[in-house]
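From just these sequences and the hints, can you work out the full model?
Letter by letter, the chains look like this.
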Amino acid sequence: MKLNKVVITGVGAISPFGIGVESLYQGFLENRSAIINMGNEWKDAIPDMLCQVGGPIKVDLNEKRIPRDLRKNMGRTSILAVLSAEEAVKMAGLTQENFLSGDYGVAFSSTTGSTHSIYEFAYKLRQEKSLSSIKSGQFFQIMSHTTAANIACYFNLKGRIISPNSACASSGQSIGLAYEAIKYGLQKGMICGGAEELHVTTTATFDLLQAASFHYNDNPSETPRPFDRDRDGTVCGEGSGALVLESEESALERGAKIYGEILGFVTFSSGEHMTRVLEEDMLAGMNRLFKESNISPEEIDYVNAHGTGTLFGDVEESKAIEIFFKEKGLSPYVSSLKGHIGHTLGASAALEVIMCLKMMEMNYLIPTRNLKNPDEKCGKNNYLMDFKKKNCNLIMKNSFAFGGVNSILLLRRYNYEHK
Amino acid sequence: MNTNEIFEKVKKVFVEEFEIPESEITKESKIFEELGLDSLDSVDLIVALEKEFNFKIDRAKDGPIITQIRTVQDILNYIESKKNSI
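Chains A and B are the protein sequences, given in the same order. Residue numbers for the first sequence follow this note's numbering, so the first one is 1 and each next one is one higher. Residue numbers for the second sequence follow this note's numbering, so the first one is 1 and each next one is one higher.
If you're looking for bench data, these hints aren't it; they were derived computationally from the structure. In this text, a Cβ means the ideal position worked out from N, Cα and C, and glycines have one as well. Take the hints with a grain of salt, since some may be wrong.
Partial pick of chain B residues on the chain A-facing surface, computed with a CB cut under 8 Å [said to hold, decoys possible]: (1) Asp38; (2) Leu40; (3) Val47; (4) Glu50; (5) Pro64.
Only part of the chain A face toward chain B is listed, based on derived beta-carbon distances under 8 Å [said to hold, decoys possible]: (6) Asp69; (7) Gln127; (8) Lys129; (9) Ser132; (10) Gly137.
Structure, rendered in C-alpha cells:
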C-alpha cells in the first residue's frame with residue numbers, strides 16, 4: 001500500500017491575541033500575556049469561584065459577514081472555527097470544486113458545543129418551561145460536533161467529516177485523524193483543528209477540580225506558569241486554530257505552497273483515571289510514536305509541551321519527557337505556550353502547531369512565559385526561559401486531556417529538495 | 001389592527017429576525033423561494049410572530065395550517081384568522 005506524505009498548505013487562527021495568524025505570531029514574538037481579570041461578570045455569575053482570570057478574545061469577530069442562514073446555527077465556538085478555517089482555506093487556495101469533489105474533508109472539534117448557547121438553552125427551558133423562545137438553530141450551536149458540521153456547511157464540503165471532541169486533546173486528535181485519512185489515501189486533503197469559547201462555566205469546571213489558577217487574580221499576566229515552582233493551576237482561554245492538510249502529491253499538483261509536514265501521530269488512552277495521566281502512559285505513547293514513525297528521537301530539536309500550569313499534570317509530563325530523552329543521552333529544548341494565552345482547550349493543540357510551524361520558519365524557539373524557576377519536581381529538562389535561536393527541523397507536540405485522552409504529533413520542516 | 005398595520009408588523013419581523021431588507025418584502029413575496037427562508041426558519045418565524053402579536057400558537061392545532069404558509073399574504077391571512085386572540 002502506498003502511503004502519502006502529508007503536508008500543511010494553510011493555517012488560520014483566532015486567539016486571545018486577536019484575529020488572524022499574524023496577530024498570533026505577533027503576540028508570541030513580543031512575549032505578551034493575553035490573560036486578564038474577568039471582573040464583575042464572573043464574580044456575579046459564580047461568587048464562590050476562586051479563579052477570576054481568563055484569556056478572552058477582546059476584539060469584535062464581525063461575524064455578521066457570515067450569511068444569516070449559516071450563522072443562525074453557529075454559537076461562538078463554531079463562529080471561531082469557521083472564521084479560522086476560512087483563513088486557512090484561503091491561504092491554501094482550495095476552491096469550491098475541491099470541496100464538492102468528495103476528496104476533501106473536515107476533522108474539527110471542541111470540548112463541547114457552544115457553552116454560552118448551552119447555558120442559555122438550559123436557562124430558558126428551566127425558567128420558562130416552554131419551547132416558545134427556543135430558536136431552531138440552538139441545537140446546532142450546542143451539539144458536540146457543531147464545529148465540524150458548521151465548517152462542512154460553510155464550504156459545501158462533501159468529503160469525510162470527523163469530530164473527535166476530546167477536551168484538551170480535541171485538535172491534536174483532529175489533526176492526527178486528518179493526517180491518517182490522507183496518509184492512507186482516503187482523502188486528498190482535510191481542514192482540521194479545534195475551537196473553544198471562554199465561558200465562566202468552563203473555568204468553573206477547572207476551579208471545582210482545583211486545577212485553576214487563583215493566586216494571581218490581581219496580577220493576571222503572571223499566570224499560568226507552566227513548570228514553574230510558583231504555578232497554581234491553569235487559566236482558560238478561547239480561540240480556534242485551523243490547518244489545511246493535503247497529500248504532498250495533491251499540494252504539488254495544485255501548485256500550493258507547503259509550510260510543513262506532519263510526520264507522525266499517536267493517540268492513546270490512559271484508561272485509569274479521569275484527570276491524571278501518568279508518566280509511564282506518556283512514555284509508552286512516545287515510544288510507540290517514534291517506532292511507528294520510524295524516526296530517531298535524536299532528530300527532535302524541540303518539544304512543544306502540553307504544559308498547562310497545573311500542579312500534577314506538569315510534573316507527570318515533564319518527567320516523561322526527561323526520561324524518554326535522557327535514557328538516549330538527549331535533552332531537547334522544551335517549552336509550553338500556555339503562559340501567554342492560557343489553555344485554549346479544544347483549540348490549544350492547533351494553535352500551538354501553528355506556532356511550531358512559525359518557529360521552524362524563523363529558526364527561533366519561543367520560551368514558556370512566566371517560567372522563572374523550574375520546579376524541582378518537574379523533570380530536569382532543557383526549559384526555554386528566553387527566546388533561543390535554533391535551527392529547528394523536527395518538533396514533538398504533546399496534548400493530554402481529561403478523560404485520559406492523549407495525542408502526540410510529530411512536525412517536520414518541509415524540504416522541497418527531498419520530495 | 002387593520003391589514004396594513006399587520007403587514008407593517010410582519011415586515012418588522014422579517015427585517016429583525018431574518019435580516020431581510022424591508023424593500024424586498026411585499027405581500028406577494030414567497031417566503032422560501034424569494035426571501036430565502038428555510039424549513040428551520042419557519043420555526044423561528046412562528047416564535048417571532050407570537051412575540052410580535054402577543055398570541056400563543058397551539059402547536060398541535062395550528063401546525064398543519066402553518067406548514068401550508070408559502071407567501072407573506074398567507075401569514076397575513078393566518079394572523080387575521082387569529083385576530084380574536086390578539
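Verification of the supplied hints:
About 6 Å separates the beta-carbon of aspartate 38(B) from the nearest beta-carbon of chain A, less than 8 Å, and the hint is met. A cut of 8 Å between beta carbons decides the hint on leucine 40(B): the least distance to chain A is about 4 Å, and the hint holds. For valine 47(B), the suggested interface contact is upheld, since its CB lies about 6 Å from the closest CB of chain A, less than 8 Å. A hinted interface residue such as glutamate 50(B) counts as satisfied when its beta carbon comes closer than 8 Å to some beta carbon of chain A; here the least separation is about 6 Å, so the hint holds.
Taking 8 Å as the C-beta contact cut-off toward chain A, the hint placing proline 64(B) at the interface is violated, the least distance being around 18 Å. Given the 8 Å rule on beta carbons, the hint for aspartate 69(A) holds: about 6 Å separates it from the nearest Cβ of chain B. Annotation: glutamine 127(A) was flagged as interfacial toward chain B, and the flag is violated, the nearest CB pair being 16 Å apart, outside 8 Å. At its closest, the beta carbon of lysine 129(A) sits 14 Å from a beta carbon of chain B; the interface hint therefore is violated under the 8 Å criterion.
Taking 8 Å as the C-beta cut-off, the interface hint given for serine 132(A) holds, the closest approach to chain B being about 6 Å. Interface hint status for glycine 137(A): upheld, as the beta-carbon distance to the closest one in chain B is roughly 7 Å, under 8 Å.
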